[in-house]
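Asker: Protein chains in written order, with this note's numbering: chain A, 137 to 1051; chain B, 29 to 318.
Careful, some of the hints might be misleading.
Here are the in silico distance ranges between beta carbons for each label pair [stated by the list, open to error]: (1) Asp270/B to Pro196/A: 21 to 27 Å; (2) Ile250/B to Leu219/A: 45 to 51 Å; (3) Glu281/B to Arg809/A: 39 to 45 Å; (4) Glu217/B to Gln186/A: 26 to 32 Å; (5) Arg809/A to Met180/B: 20 to 26 Å; (6) Gly184/A to Leu182/B: 33 to 39 Å; (7) Pro196/A to Glu281/B: 45 to 51 Å; (8) Gly170/B to Asp187/A: 36 to 42 Å; (9) Leu182/B to Asp187/A: 24 to 30 Å; (10) Asp825/A to Phe213/B: 31 to 37 Å; (11) Glu217/B to Arg809/A: 41 to 47 Å; (12) Ile250/B to Trp755/A: 16 to 22 Å; (13) Arg809/A to Pro199/B: 55 to 61 Å; (14) Asp270/B to Glu845/A: 34 to 40 Å.
Everything labelled a hint here was simulated from the structure, so no lab data went into it. Beta carbons are placed, not taken as given, at the ideal position from N, Cα and C, and that holds for glycine.
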Amino acid sequence: MILGLPIGFAAPWVLAALVALPILWIILRAIPPAPIRRRFPGVALLLGLQDEDTVTDRTPWWLLLLRALAVAAVIVGLAGPILNPTEKPQGQSDRLLVLLDGSWASAGTWPRQMAMVEGLLDEADRAGQTAAVVNLSDPGEVLFQPAATWKSRLPGVLPQPWQPTPDTLTSLQDALGDIAVDTVWLSDGLALDGRETLARTLQNRGTLRVVQDVAGTRAMMPPSYENGVLILRAQRPLAGLSRDIEIHAHGLDPSGAARVLATMPLSFDADATEASTEVALPAELRARISRFEIAGAGTAGAVSLSDDSLQRREIALIAGREDREGLQLLSPLHYLRQALVPNAEVLEGALSDVLPANPDVVILADVAVLAPGEEAALIDWAEAGGLLVRFAGPRLAASGLSRGEEDPLMPVRLRAGGRSVGGAMSWGEPKTLAPFAETSPFFGLSVPDEVRVSAQVVAQPDPTLADRVVAELSDGTPLVTRKELGQGQVVLFHVTANAEWSGLPLSGLFMSMLDRLAILSATDAQDETRMTGTTWQPVRVLDGFGRLTDGQTLPGVPGEALATAPLGPDLRPGLYRDEARLLARNVLGADDVLTPANWPLGTSVEGLSITPIKDLSGWFLAAALVLLAVDVLASLFVSGRLWGARVAAVLALGLTLPHAADAQEDRAILDTREVVLGHVITGDTAVDDLAHAGLLGLSETLYFRTSVEPSEPAAVNLETDELAFYPLLYWPIIPNQPTPSSEAYSKLNTYLRSGGMILFDTRDADVARYGTASPNGRKLQRLAAPLDIPGLEVVPDDHVLTRTFYLLQDFPGRYASRDVWVEAAPADAVRIEGMPFRNLNDGVTPIIIGGNDWAAAWAMDRRGNAMVPVGRGRAGERQRELAYRFGVNLVMHVLTGNYKSDQVHVPALLDRLGQ
Amino acid sequence: MITYPQLRTRAETEAARLPPLLARAEHLAGTVLLGEHGRRRAGLGDDFWQYRPVQPGDSLRMIDWRRSAKSDAQFVRQREWQVAQSVMLWVDQSASMSFTSDDETGTKADRARVLALALSILLIRAGERVGLSGTSLPPRRGEAQILRLTEMLLSDEAADYGAPEARAMLPHARALFISDFLGDFAEVEAALFKAADRDVRGVVYQVLDPAEETFPFHGRAIFESMGGSLSHETRKASDLRDRYLDRLAERRERLQLLCRTTGWQFSSHDTAQSAQAALLWLYRAMERRQ
């Protein structure tokens, strides 16, 4: 503690540097701010004026104070100030044991617990204690290590969705041996066997602090469904004030998106530990619910997963003709109806009416013949995951169904007629059931002796028969057979659904068998007989915070254990699946009760309130930085440099790049004031310079010979520059110039469409004819591929380019190739009789391609001298002259379009005017 | 290629807004150069003025025989006396004129040149002779003179402050001195006295930058002239403002006084104001009879 403030220092000796502050004060005070140099013609009038006020040659006191504060903040920051430093407790050992219950009940306060553990470890680190952190729910070896090491491992310590087992506590007690240790136990506050014993032991070894916060612990009990209403219950370990909570029912909405389907309020009365409410939800909605959760709790205990027990299956019962009126007990459906109605929604009606309701199960009792349409619909339904259960009967036995070859809706082929055993006219006794094989879904069900089968239909022996039998009689004839059909299955009971052929429907086994076939969904996990022999595969499991994670990689759990065994790493709360049945194992069972923990007398139990120890050095250093930044502004202010425009300029500079924009704007103004020819920058300095000089020469020629007075040519960067200002772009090709970006190409296409012209020059007409594969030609093909270029042709004799200013037939540059290509004339262009050229009026060719190296022929230095020799002697000069003429014609063509072509109409107009 | 299209274009634009200035020739004596300004009296010139009866002393060659044949008396044909005014310009080209506090408004030299050239165009269109003071470009007529003037006006001088050029002034001509007049006052005084001695009348036109009129500086600063020959350090520029403005006002007063003594006219202009107004004022000033 310093001066009564809750601040301590990690390195107090650094504070000695504060002594140096007065020296700094003196030094700074002697150095005045530097003057600015300004150009100002009015200085002539200033000469001889004296300053009246000479204060500002010293640093002003407030600036000194600012700087001194900044330096002081740096010094204090480096000294490592700490807020709320804890005094070293008296009489402690050199080991610290941090025990965490780490159960689902801790998950709600887990971040706070971790913050506290972090604080404890920091403290132990400063005090030089070694530490060990043990999560009792997820115990590991008790390792006393430097506290900092443990601190880095803390993020891996997580709450588990179960409570510690008493075994863990005793083994911890053994592992500790008899070493002296100080303990901090962060408990979840729930009762636990062995907690008291361990606490007492730890008290004997050193100090024991218990920290627990049970006030917020809530648990959601599994909801039950009775008499059409859903009963929701929640518990809390400690009774207290009345408290309202909300329960969210999560599930998939009809569009398949996970969302909260219903929100149900629940309130704890004062002094009550349990709250319950009844909710009536529509069956459709209820079937969609996948879990109930106490809103905002964030623990595994506040989540209750729902399984098949809440869902009621839709079962369609279809019988053959019921011609025996009044004999209800003999109705093929009577026993099924009795068995199913309490647990499922039973649909009865014609198959064609029932199937559109998409029932989960269709039961056909003694139905032999289906209409072809019905059969097809039933197959589709079964392949989409439906379960078809068929019962045999006299009609099925008498029909030829599945006799010669297997019917798709029958699991096996049947022999004609069936058989009856133990009747008046037959030898032998009625048969009993054989015990179920291990592979059978009925494995584990006990077979009552009183069930006798007196008649059945008999399966034809087939190679596949053995795989399809799930239950058989004591003599080995199949009683129940099953086959997969698409995603669904077909099950055949070889006996009737009534008591006519067997006593099976009268026995309890019948219900269990229906249950195992997932016909009934009210899986009662407590019923051991139904769970025995099954293996359940985890589908989704809960973590400590109540979040569902994938459980497919976890090993299966035997049915007996699933129902009763305590939760642990081997049995996690979650959803388990056995074939079509889905069962939820929740953190809390329906009968569990939350009880608060008991601590031995004399144990100090604290709440989870922590004053965080805070390292303030970062704040001090940041403050120093801020002060220094303020000092920059203040220094500018003192030296007179901080004025509006300057600040704005600095800010603008920081925000944007105004200079580039300005430069572009200036250039845009320059280039639009006069006609400016452009050349594309290729990246090769020599080529670019020559192109520039060439356009300069052409501009001079235009200036002297025509009314076009161009200004200095512009070097155009396709990526950054606006192209619209330049009527003509000269584009020399070199093999290694960069390909423009797609934005540049879209700019070029816009340019071409809006009337611009590009003159491509491959500059290789001396060695290559156009179309042959010179490197430049190939490069041009690649460069021009993305451009919007019309069909081309070699300049025809009557192209307007041949007469826009001079009459030309050749377009030589440095080379005199005739291969110059322009946009092809339309096919329907005709030459009127007596006219020298065809009637071509529309459009300026957007592109001219050639290889004559025109820029070289045009190139002119600033004194007007040609830069590149063309040809030899007089012939060469003539060629250069023709090159200039081509340039003039070209620019005239760009600027005047097909104006010259219009002259073709003059005779026709004169004719019309009658002259 | 076009090298200085802008200056001329802008000057033409300025000039186009005013009717051609027919500056009044003030005195006849001594200036015998013929021009297009009828003096409303007989003299040497091209246009017919009147027939008058022959007086004794007229030589026979002066008699207009065609007119005399129509009557009994003899007549002499007189022509109207026409003169052209010579206008001498001095535009300060020194470094101090290239100062600007704001890139938008442009430098003082730029404004001075545009004004001078605009005025020249008006005068030349009106048939006057315009030239630069000194010997570099004597007054001449014709459009070509505008181009020569333009070229001469575009040459910068290295000196920090310019001094008016009053050599080789034509007697009785008119003159226009455009500068910031921040340099040595004695030189201005000498030049104006010299011009006045030769009966040259004209206009002293001071062009200043807004920053020079307001002195918007703060804090510690070292002020330097544009060429760097003069410098002044201050620790608190804002304190100097009032005294600087006083001195500027005093300089103006002295210029005004000087002009009054020599029969010249004085005005001041800052580059933030419109050039049109300045040209209008100059137009009036050159038109004014002394």
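Asker: For the pair isoleucine 250/B and tryptophan 755/A, does the Cβ-Cβ distance stay inside 16 to 22 Å?
Answerer: Given range 16 to 22 Å: violated, Cβ gap about 42 Å.
Asker: Can the suggested window of 24 to 30 Å be confirmed for the beta-carbon pair leucine 182/B and aspartate 187/A?
Answerer: For leucine 182/B and aspartate 187/A the Cβ distance comes to about 41 Å; the hint is violated.
Asker: The hint says 39 to 45 Å between glutamate 281/B and arginine 809/A; measuring C-beta to C-beta, is that right?
Answerer: holds, 44 Å
Asker: Is it true that the C-beta distance of aspartate 270/B to proline 196/A lies inside 21 to 27 Å, as the hint says?
Answerer: holds, 23 Å
Asker: Look at the Cβ atoms of glutamate 217/B and glutamine 186/A and judge whether their distance stays inside 26 to 32 Å.
Answerer: Cβ of glutamate 217/B to Cβ of glutamine 186/A: about 27 Å, so the range 26 to 32 Å holds.
Asker: Take the C-beta atom of proline 196/A and the C-beta atom of glutamate 281/B, compute their distance, and say whether it sits inside 45 to 51 Å.
Answerer: Violated, at about 39 Å.
Asker: Between glycine 170/B and aspartate 187/A, does the C-beta distance stay in 36 to 42 Å?
Answerer: Violated - the Cβ-Cβ distance for glycine 170/B and aspartate 187/A, about 56 Å, lies outside 36 to 42 Å.
Asker: Quick check on a hinted range of 33 to 39 Å for glycine 184/A and leucine 182/B, using CB atoms only.
Answerer: At 35 Å between Cβs, range holds.
Asker: Has the hinted range 55 to 61 Å been met by the Cβ atoms of arginine 809/A and proline 199/B?
Answerer: violated, 45 Å
Asker: With respect to the beta-carbon atoms only, verify the hint that aspartate 270/B and glutamate 845/A lie 34 to 40 Å apart.
Answerer: With Cβ atoms ~53 Å apart, the hint is violated.
Asker: Does the beta carbon distance between aspartate 825/A and phenylalanine 213/B stay inside 31 to 37 Å, or does it fall outside?
Answerer: Violated, at about 53 Å.
Asker: Per the hint of 45 to 51 Å, is the separation of the Cβ atoms of isoleucine 250/B and leucine 219/A within bounds?
Answerer: holds, 50 Å
When the structure is compared with the earlier hints, violations turn up for hints 7, 8, 9, 10, 12, 13, 14 and for no others.
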